[in-house]
Amino acid sequence: MEKLEKLESLREAYGEELSILGEKNKNIVVLDADLSTSTKTDLFGKKFPDRFFNMGISEQSMVSAAAGLSLAGKTVFSSTFAVFLSNTYNVIRQSICYNNVPVNFVVTHSGISLGEDGPTHQILEDVGIMSGLPNMKVIVPVDAVETRRVIDYLSKRRDSPYYVRLTREKFPVLNDSNYDFHEGKSVTFRDGKDITIIAYGIMVSFALKAAEILKNKNIDVRVINMSSIKPIDRDAIVKAAKETGRIVTAEEHSVYNGLGSRVSEIVAENYPVPVKRFGMPDIFGKSGKGMLLFDYFHIGVNDMVKATEEFYKEEFK
Amino acid sequence: MEEDNPNYLAGIAKEIRKKIIEMTYAAKSGHPGGSLSITDVLTVLYFKEMNVDPLKPQDENRDILIMSKGHASPALYATLAVRGYFPENILNGFRSIDSDLEGHVHRGIRGVESSTGSLGQGLGVAVGFAIASKLDKKDNKIYAILGDGEMEEGNIWESLMAANKYHLNNLIAILDRNMIQLDGFTENIMPLGDIGEKVKTFGWDIININGNDIGEVISAIEEAKKSKNKPTMIVANTIKGKGVSYMENNPKYHGAPPKNEDEYNQALMEIGGI
Numbered sequence: 000m001e002k003l004e005k006l007e008s009l010r011e012a013y014g015e016e017l018s019i020l021g022e023k024n025k026n027i028v029v030l031d032a033d034l035s036t037s038t039k040t041d042l043f044g045k046k047f048p049d050r051f052f053n054m055g056i057s058e059q060s061m062v063s064a065a066a067g068l069s070l071a072g073k074t075v076f077s078s079t080f081a082v083f084l085s086n087t088y089n090v091i092r093q094s095i096c097y098n099n100v101p102v103n104f105v106v107t108h109s110g111i112s113l114g115e116d117g118p119t120h121q122i123l124e125d126v127g128i129m130s131g132l133p134n135m136k137v138i139v140p141v142d143a144v145e146t147r148r149v150i151d152y153l154s155k156r157r158d159s160p161y162y163v164r165l166t167r168e169k170f171p172v173l174n175d176s177n178y179d180f181h182e183g184k185s186v187t188f189r190d191g192k193d194i195t196i197i198a199y200g201i202m203v204s205f206a207l208k209a210a211e212i213l214k215n216k217n218i219d220v221r222v223i224n225m226s227s228i229k230p231i232d233r234d235a236i237v238k239a240a241k242e243t244g245r246i247v248t249a250e251e252h253s254v255y256n257g258l259g260s261r262v263s264e265i266v267a268e269n270y271p272v273p274v275k276r277f278g279m280p281d282i283f284g285k286s287g288k289g290m291l292l293f294d295y296f297h298i299g300v301n302d303m304v305k306a307t308e309e310f311y312k313e314e315f316k
Numbered sequence: 000m001e002e003d004n005p006n007y008l009a010g011i012a013k014e015i016r017k018k019i020i021e022m023t024y025a026a027k028s029g030h031p032g033g034s035l036s037i038t039d040v041l042t043v044l045y046f047k048e049m050n051v052d053p054l055k056p057q058d059e060n061r062d063i064l065i066m067s068k069g070h071a072s073p074a075l076y077a078t079l080a081v082r083g084y085f086p087e088n089i090l091n092g093f094r095s096i097d098s099d100l101e102g103h104v105h106r107g108i109r110g111v112e113s114s115t116g117s118l119g120q121g122l123g124v125a126v127g128f129a130i131a132s133k134l135d136k137k138d139n140k141i142y143a144i145l146g147d148g149e150m151e152e153g154n155i156w157e158s159l160m161a162a163n164k165y166h167l168n169n170l171i172a173i174l175d176r177n178m179i180q181l182d183g184f185t186e187n188i189m190p191l192g193d194i195g196e197k198v199k200t201f202g203w204d205i206i207n208i209n210g211n212d213i214g215e216v217i218s219a220i221e222e223a224k225k226s227k228n229k230p231t232m233i234v235a236n237t238i239k240g241k242g243v244s245y246m247e248n249n250p251k252y253h254g255a256p257p258k259n260e261d262e263y264n265q266a267l268m269e270i271g272g273i
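The listed protein sequences correspond, in order, to chains G and U. Just so it is clear: in the first sequence, position 262 is 261 by numbering that gives the first Met the number 0, and no numbers are missing. Just so it is clear: in the second sequence, position 43 is 42 by numbering that gives the first Met the number 0, and no numbers are missing.
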């Protein structure tokens, strides 16, 4: 019997954690661009209206002002939907990353799990966009527990900008309540010796399910949650290459410029073994129930089982 | 006080203009036109109106200046050097590989608050500083120097709205209205019209002045400082390339230094002695 999953919203965890941190830390300010009831920064805004700034549908001015507030010493969280933050790429590049000011961008509604809003809103390129920026760090929390830990961690740091990618849908809770986040470190949720699936976001849950199915086919799968994408856990990747010989990467993102690309680079440079990138091909999403779209695009659990099994059995010369 | 003597400030402005010519000629690169147009404004700000101390560049109550038109780096760098933020001989390395003086305004330089160059971002950054000052109950002023071509950027209009919403009377934008952008005259490239009137409808106070008249610049800034609840934009009507006859009102010198030694010597001669 499959154990009943506990689902929890990552964006609600974000808003709740912010409003808790805001009590003690009076230096925190929060900016949003007319989506606070969706990103859940409204939970902070209602409690601390003097430190909450709704900049309207003006992402560029939100990001510019975030830079100024941070340069002036504030601990800044800035939120909108992931796709709209990409409006401001060059503002982030110059005023945030080149200035190297510690602004925390926490974005929601990324990926196809967003669902009905459709391809205009389902950004699948943002991990690549943000990872390419010098000084920017990129984190994709796997569940509500990790989201809370990450937000708490960022509220205490002033060393660089961060991009934290959240989603609209509730995701399964995978971590215990005593879990602690360590930047640049992955978590091995399941050990295995035959093949490794390195994933982030909802794909970690899929990978754990796929691993259970593959166990019945005598394939022993290691599952790693790589929530810290930049900096990435190089050691865990090389170790997986050495110990399991094959790596599948899985992400709710384009297979270009995301986790698959980063892992491939590290494997190629350190310990070359075959890598299979599992994720969205070079295409846009579509409208539909968020959790049905994974099967529609052949990146659901069953597709992952099939891809992993075939890849495991494939002969490379 | 010497800064109350207009001749003293005019002398400083001449010194800065000469350095703009020297550093762009040495670099064979850079933007003299929009540097010379804004020189008088920067002189008044750094030598009279702004509360800044080169010995304490991080003083928490200092006034903040964001040079949103980051290509006017020669003007800002020269002003900071003459004001004493760093030795003047450092200016000679402008834009060169072994210098920290990056081509566009670079935050790594002592006295520079934010990196700029890609246009349209500095006003929003200044809005952030101004909000922070309000939260911290500081009575410092935040200045943003904007180019007129830069007014074509959407982020400027977003930030104008934000400054109005948050009643940022501690924010003073100074628009270098020299009528010229890289490709030609603003009114041909993208007509701005009566730009002050447009900004006024966004809830700002507007002061129109001759931005190359030191006395008018002083009066405008002192009036803007008194604002009770609105941000102020000073529309500084200036001459691009001010002080060098062949550069004045000539779009070619937006991003080109003197072409040869004759042009170089002529520029220094026309700017005149200190």
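Hints in this document: simulated from the structure, not taken from any laboratory. A hint or two may mislead.
Stated by the list, open to error - Coverage of chain U stretches by chain G, computed from C-beta distances (three or more under 8 angstroms per stretch; other residues unrestricted):
| hint | region |
| --- | --- |
| 1 | 48 to 58 |
| 2 | 106 to 114 |
| 3 | 121 to 128 |
| 4 | 147 to 161 |
To be verified - Not everything, but these chain G residues come out facing chain U in the computed CB check (under 7 angstroms):
| hint | residue |
| --- | --- |
| 5 | T36 |
| 6 | S37 |
| 7 | K46 |
| 8 | M54 |
| 9 | Q59 |
| 10 | G67 |
| 11 | A71 |
| 12 | N86 |
| 13 | V90 |
| 14 | S94 |
| 15 | F310 |
Keep in mind the model is a prediction, meaning the values are calculated, not measured. Beta carbons: idealized from backbone N, C-alpha and C, even for Gly.
Status of each hint after checking the structure:
Remark: the region 48 to 58 of chain U is not confirmed as covered by chain G, as 0 of its residues place a Cβ nearer than 8 angstroms to a Cβ of that chain, below the required three. Judged by the Cβ-Cβ criterion of 8 angstroms, the region 106 to 114 of chain U is covered by chain G as claimed, because 4 of its residues qualify and three suffice. Counting residues of the region 121 to 128 of chain U whose CB lies closer than 8 angstroms to any CB of chain G gives 8, which reaches the minimum of 3, so the coverage claim holds. Counting residues of the region 147 to 161 of chain U whose C-beta lies closer than 8 angstroms to any C-beta of chain G gives 6; at least three are required, and the coverage claim holds.
The closest approach between the C-beta of T36 (chain G) and any C-beta of chain U is roughly 19 angstroms, which is over the 7 angstroms cut-off, so the hint fails. About 20 angstroms separates the beta-carbon of S37 (chain G) from the nearest beta-carbon of chain U, more than 7 angstroms, and the hint is not met. With a least beta-carbon distance of about 16 angstroms to chain U, the hint placing K46 (chain G) at the interface is violated under the 7 angstroms criterion. With a cut of 7 angstroms, the hint placing M54 (chain G) at the interface with chain U holds, because the nearest CB-to-CB distance is about 6 angstroms.
This hint holds: Q59 (chain G) has a C-beta 4 angstroms from the nearest C-beta of chain U, less than the 7 angstroms allowed. Taken as an interface hint, G67 (chain G) checks out: its beta carbon lies about 2 angstroms from the nearest beta carbon of chain U, inside 7 angstroms. Interface hint at A71 (chain G): satisfied, since its Cβ lies 3 angstroms from the closest Cβ of chain U, which is below the 7 angstroms cut-off. A least Cβ separation of about 10 angstroms between N86 (chain G) and chain U goes past the 7 angstroms threshold, and the interface hint is therefore violated.
The beta carbon of V90 (chain G) comes within 5 angstroms of a beta carbon in chain U, closer than 7 angstroms, and the hint placing it at the interface holds. Interface hint at S94 (chain G): satisfied, since its Cβ lies 5 angstroms from the closest Cβ of chain U, which is below the 7 angstroms cut-off. The beta carbon of F310 (chain G) is not positioned within 7 angstroms of any beta carbon in chain U (closest approach about 43 angstroms), and the interface hint is therefore violated.
Checked against the numbered hints listed earlier, the structure breaks hints 1, 5, 6, 7, 12, 15; every other hint is satisfied.
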